[in-house]
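Peer 1: Residue-level listing of the chains:
Number of protein chains: 6
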Amino acid sequence: MNKQEGERIVDYFIVRERETSIATNGSEYISLTLSNKDGIIRAKLWDVTEKEKEWLHKRALIKVDGLITFYRGQRQLTIQRVRLVTEEDAIEINDLLNHANIPREDLWQELRMFIEEIDSETLRELVKTLLRKKEIREKLTTIPAAKQYHHAYYAGLLEHIVTLCHVSAQLLQVYPQLNKDVIMTVCILHDIGKTKALTDPVVPDYTTNGELIGHVVLSIEMILEGAIEAGISTDDHEVLAVKHCILSSHVNDSLQSGVSSKTAEAIFFQHINKLDNQLNALFMIGNEANEDWTFSPMFKRRMYTNRK
Amino acid sequence: MNKQEGERIVDYFIVRERETSIATNGSEYISLTLSNKDGIIRAKLWDVTEKEKEWLHKRALIKVDGLITFYRGQRQLTIQRVRLVTEEDAIEINDLLNHANIPREDLWQELRMFIEEIDSETLRELVKTLLRKKEIREKLTTIPAAKQYHHAYYAGLLEHIVTLCHVSAQLLQVYPQLNKDVIMTVCILHDIGKTKALTDPVVPDYTTNGELIGHVVLSIEMILEGAIEAGISTDDHEVLAVKHCILSSHVNDSLQSGVSSKTAEAIFFQHINKLDNQLNALFMIGNEANEDWTFSPMFKRRMYTNRK
Amino acid sequence: MNKQEGERIVDYFIVRERETSIATNGSEYISLTLSNKDGIIRAKLWDVTEKEKEWLHKRALIKVDGLITFYRGQRQLTIQRVRLVTEEDAIEINDLLNHANIPREDLWQELRMFIEEIDSETLRELVKTLLRKKEIREKLTTIPAAKQYHHAYYAGLLEHIVTLCHVSAQLLQVYPQLNKDVIMTVCILHDIGKTKALTDPVVPDYTTNGELIGHVVLSIEMILEGAIEAGISTDDHEVLAVKHCILSSHVNDSLQSGVSSKTAEAIFFQHINKLDNQLNALFMIGNEANEDWTFSPMFKRRMYTNRK
Amino acid sequence: MNKQEGERIVDYFIVRERETSIATNGSEYISLTLSNKDGIIRAKLWDVTEKEKEWLHKRALIKVDGLITFYRGQRQLTIQRVRLVTEEDAIEINDLLNHANIPREDLWQELRMFIEEIDSETLRELVKTLLRKKEIREKLTTIPAAKQYHHAYYAGLLEHIVTLCHVSAQLLQVYPQLNKDVIMTVCILHDIGKTKALTDPVVPDYTTNGELIGHVVLSIEMILEGAIEAGISTDDHEVLAVKHCILSSHVNDSLQSGVSSKTAEAIFFQHINKLDNQLNALFMIGNEANEDWTFSPMFKRRMYTNRK
Amino acid sequence: MNKQEGERIVDYFIVRERETSIATNGSEYISLTLSNKDGIIRAKLWDVTEKEKEWLHKRALIKVDGLITFYRGQRQLTIQRVRLVTEEDAIEINDLLNHANIPREDLWQELRMFIEEIDSETLRELVKTLLRKKEIREKLTTIPAAKQYHHAYYAGLLEHIVTLCHVSAQLLQVYPQLNKDVIMTVCILHDIGKTKALTDPVVPDYTTNGELIGHVVLSIEMILEGAIEAGISTDDHEVLAVKHCILSSHVNDSLQSGVSSKTAEAIFFQHINKLDNQLNALFMIGNEANEDWTFSPMFKRRMYTNRK
Amino acid sequence: MNKQEGERIVDYFIVRERETSIATNGSEYISLTLSNKDGIIRAKLWDVTEKEKEWLHKRALIKVDGLITFYRGQRQLTIQRVRLVTEEDAIEINDLLNHANIPREDLWQELRMFIEEIDSETLRELVKTLLRKKEIREKLTTIPAAKQYHHAYYAGLLEHIVTLCHVSAQLLQVYPQLNKDVIMTVCILHDIGKTKALTDPVVPDYTTNGELIGHVVLSIEMILEGAIEAGISTDDHEVLAVKHCILSSHVNDSLQSGVSSKTAEAIFFQHINKLDNQLNALFMIGNEANEDWTFSPMFKRRMYTNRK
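Chains as they are written, first to last, in numbering that gives the first Met the number 0: chain A, 0 to 307; chain B, 0 to 307; chain C, 0 to 307; chain D, 0 to 307; chain E, 0 to 307; chain F, 0 to 307.
Accuracy of the hints is not assured; some may be wrong.
Heads up, the list lumps identical chains together, so a pair's fine if it works in one copy or across two of them.
Claimed, not checked - Simulated pairs of lysine-lysine, DSS-like, Cα-Cα distance not exceeding 30 Å: (1) Lys36 x Lys62; (2) Lys299 x Lys179; (3) Lys132 x Lys50; (4) Lys52 x Lys127; (5) Lys127 x Lys36; (6) Lys195 x Lys179; (7) Lys43 x Lys62; (8) Lys43 x Lys127.
These are calculated hints, taken from the structure and not from any lab test. Given the structure is predicted, the values throughout are model-derived calculations rather than measurements.
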């Protein structure tokens, strides 16, 4: 969304946030947060009518005609004309979502191949039992990996999972001592709790489960339920190794409570997971940036996004 | 174990730790850690014979005749005569264990009354389903609450649980807004994972499950299994509230990962749990101390144990 | 203050903050922070006259007629008519202040009973000497316990003190080893320095003493002055125990400087004090909240305020 | 105490610590910590007799004949002959104490001159009132500034105070904006609470007051008592400034509780106090060290003590 | 810049920041950050023309006629007339910059005298070789010591250096054991890397070098280059001591990585450097403040700036 | 070194540490730390003669005949006969050193191939210029990567470097956006400062340079010297990128001072470096361990070294 000040924009958007206010001259206006494949932009509609207040709700698909302005250093869209998307526009929500870099179908094919390469019958069956459920599979392959910062787009979690599988496959050649089956299963299942912790792939928010239990323990609970369903002993050694990697991947080394990584596979996963998250976060802001230096909210500092 | 230097001791003990060494004069000796109801003491047996090396193993019940000495500020027993306990001694392991301050049977009766006072059928049934299992009930009513520091004695966990129930019952009169059933269930089940995380009540050690999963998440897993068995929905609102209290009770406020306490019941339990642990730790060292000031390994400072 | 957008309000308020600005159209306006028993609200008066600028000062009692609007997600009052309170309104500052949940007179009666139950003559006399002074007593029974977050209302400190006395009375039955007189005296005097650290109960601010010495050490100084006046030795063992509880209650365990809690009473007070502060903070935001989840500035996270 | 292995020592010492043990060959021995002006050394007396156990107590003055050995990298004295000091030895405790680098009488004279240079009558009178008391003056001019690490010798606190006065006098020429009287008073009184927190100048230990209140708040209490005695208002602006500097000098910037430095004088004192403490600590280990690098327990790292 | 609300200002300024926006009434305006010797002020120019947008760029020298208003508690200038500075104004950039308290030429003379007093030929030659380079000397004597907070004005770094030399000269009389030549060289060269890390003295920003290497290591690199040029061995003992002081002055004691101060000179410099930075920061806000208490962004708290 | 208690050992060792002491029976003995390819063991030689004290010095190669004992849980060798290695033994220091898992010559060949694959002439020439120097090359290919914990054996640094090159080569296929030449150069040069910071490959200790400058900045200095020698501009963009990766790899995200990683290559290197260090540390203790759980001094916790 690298538009210049004063440039005109005529485009389709999803409404992500919406708020009515009264301007200093007494008239009402609406503040909006809009998004499409080009990114996110804040917008203002001045002198709003009662009707507009009615149909301009969160998650609406709209067509906008407006001008780019700047307010406190941030790009903003002053809307001049706006209407809901109609059938003739032939626009679907999917067309407006930012997607993973690789088509979701290809990612899903790759993931299925990685699953088949798990030699342990126990772990392969555990993965399949969980992904066989439609509500899990559909969510796992559409939600972002995080609400913002990294892989924060449609099917971002799936892309993250498949990338981790590739990273693992490459590094298992350098470190052949590691247990491939445990690592691959962890790559695939480590964030499965997010299918219960996030509301939906388009405008994701935390569920009450996500707030009160957290996606890490939700993942452990889902793996336990999956194991019970698949007839795997709750004390199975391989499943234990998988759960340990997931639990310890989110724990800082200096914490007394919680579980620190205590196996080679847990240490391995901890580092490749952080590596992929941070590189993706950096590439995400790099794509948006026009300049050499861009402030990153995740790293909490300016990053050098000059990629020449 | 407040013996003076040079005093003679003739008493029964359990062997908790044992190690063979060679003295600077070339002869062999055994270092032991012994315990009975009076506490724990380190001991040395000089010029040990091959036979003694054989039967003086970990967990043995022995009768000792020795003298109190001091080494680097610590009381130590120089053993002069030692033999295994025989039938005539009429000594059982139970006689040598330090116990909770209240008889275990009384504690168990009190706990059963608190369970009956849970009004929610869901939660009462959850608790009963879990405690109905013999391996859980027997361990929950015999293991210490921690390996050292607080409630570190036979049935220490049971005493901790019952004290928390009393504390809650008293304070629910001051804070009637709190959900009694959730709090009572949390008091009873919050450390149930320790029945899987600790090996045994006499010389407790961490199991592999305890090291790799941790007793907090083990508690959550056992509650999930119990709920499934009791036919309770895995999304039940009350069970969710219980699990949240347990998960958040072990998490420091400043931690990014994990789950912070977000309900009034979780905040309540967090504080009374710490209160009971710390008071018990202080009373434990106070009981052993002869002096005004005693160093506490839990608080990592000298505490004022003058109780006049 | 759960008004909807567009709703009209006609009510009495205290002016807590006031600031004149120039609008983007060049005309002057006043930004106000107003409060009454329903809570706090920000307000704007557009096209303000010189006269209005004159009498609309901090601490004024006013009657307002205005409309609720929203600005950046926050409720705001656009004032249409405003005037000073007159005699006919029969409104006093007291009517506009948010109060403790229990009438201040009842709290004061309860406190006096708790004082009489202190068996130690030394400590009872210390408490009475301090509360006998009118400037201390009046402030102690009217100021909030904190400027915001918890017990932040008229007589909030008194309510906090009396609740702590109740909590202690209940728990002394569970932990009879604790020194009742020391604990009760600490409950009553622990925040007495706030009578010097805060300016007044209505719009409290820190005094220079409060900023440079802090209310904890101010409490210690006042207790020392009270002891001297009551003819108590400055080395009295019970007064020492009281001062230790107060000093250590505000110190994190990991701090090198300052004094960590080293007695059972200090540990006890530390936890019940935090417990009451945090529960009150949570109930305060719960009262204002309409929704399941409310952001708490004290906990720095969203809290679950669904109380069904 | 830079003796080589195998060297013989015949000298006088104070007994600082003493402990009886039983050797691996069954005979009794005594472990001692001895000190004289050359430093501190650990010693062992083998095959000790009952009589020796009797008169070899803590604080005894003794004459020793022994050999230097090394045990786990630390110099140690194997005692071959030992007896109590007799009148003929003409040895007093004073002759065995390590002293400040400058004679105590000279330091006291310098301090008196600095006191006379305080222009504010209030502050000069406050200082004089406190130092006029014999028990304060005697202790202030003999105790070490700390039990170990820095100025840990007879009259170490006095030397620290006088050095701080010199440092302040020099730097007030560079920063003339600072309030000389406040700074000089702080230099003199900032550690006055240590006269109540430490037991004695020879083998200093913490008093119960020192442990439960801490020397910082004890200083504040003594200044308050001194001010009351000198007829100074408890709200005096200069005394407030002095107390603020003392309170904030021991508080880390990141602490929420306690009081951070908020005046120029407090910031000034905070830095020169740390500077003098750390330089003295480094010079202390430098004096003992024979080698380029010496481990410092205060800095918790090896320091470069090569002073060429 | 202690103007009251409504006061009129007619004065010269530098434009430091500039941003175009669209007002709620649809017209364009410019937000500016202006500065001159009296400080920094935010300004707004309403209903801006295309021409004005063209010549009102960053770093422009302008003459402004406007009124002081307040917005969200901050002083702001509503511009009524503005034009570029012309030859007749006889205003140069130098006239608008805030300067060190002592004329830059005098500071430079003082610095040259301090350099001549370095007895070590190695260190004196090292300093001279570096300052002989015009691009280093000019920048070192004009840039601020920091972008904000302390010595944040024209020639602020030079003033900081010269003050540190004075502080050192004064304190070397109290601590004669310290190596004068090392300390003086460190005072002069410790921030020399800032000549590469900051873009320019007027509107300083970080260079890419400054962001990626940091001014500390840039200082070390420049000293190495200077030493090579001056024919000094890269292992010279004095240069090593200087580099150690610089490297360790920016490292917190608790950091594992990096280098902690390990010499007396490093500890000395660490403290006087912090002392001068913090006092200067406090004097800077004190100069601007009209009130007793002023919030300091560096200390992250309100500071007492009452200097009576 | 998995010998059982009482087992006899006849083998060759290097003396790493040596200390003379006096036993409790008055006779002298020597404590030694010995090592050979099987690991490290502490040893005691009782009743030592003057001659033995003479030739049994640090770094001596010796032949030992002794018995395995245990002292405080640690294996220890009670020496019964010992002599220096003679020509007939045909033993060289090399035969006693623990080596990297791959022959040093093979590692060196692999490293040379990775160097040739650097496409940037600037970076390839920089690497070659530095490795062309015999004293750098010989040390880089023989020293351990750390004194203990990870790659702590002969040529451990070389093995670490080559493994990082392999890891990078594998992952550049997954993340092709990264700059290969910068990453490979960082892998090779990131620890080059250790050739100046460590004394020697056999019994490595920190040099004064290593203590006062640290190996990170020593690496930067050596790269600067290498660049000057190779005629590369000191502002070269690629060299800057390399130096940034090295500087930021040792800095924790939360540090204010120092430089945080700000490029994708720096983030990449930070994670793979930690990954390889931690996996190697875990494999090192795993090789020594006989049991499921082994305490790791690096991770400061027990690790699960069961590799089945």
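Peer 1: With reference to the structure, classify each hint as holding or not holding.
Peer 2: Hints versus structure:
no.: 1; hint: Lys36 x Lys62; in the structure: within (14 Å within a copy, 45 Å between copies)
no.: 2; hint: Lys299 x Lys179; in the structure: between (35 Å within a copy, 26 Å between copies)
no.: 3; hint: Lys132 x Lys50; in the structure: neither (42 Å within a copy, 63 Å between copies)
no.: 4; hint: Lys52 x Lys127; in the structure: neither (47 Å within a copy, 54 Å between copies)
no.: 5; hint: Lys127 x Lys36; in the structure: neither (32 Å within a copy, 47 Å between copies)
no.: 6; hint: Lys195 x Lys179; in the structure: both (27 Å within a copy, 28 Å between copies)
no.: 7; hint: Lys43 x Lys62; in the structure: within (14 Å within a copy, 33 Å between copies)
no.: 8; hint: Lys43 x Lys127; in the structure: neither (47 Å within a copy, 58 Å between copies)
Of the numbered hints stated above, those contradicted by the structure are hints 3, 4, 5 and 8, listed in ascending order.
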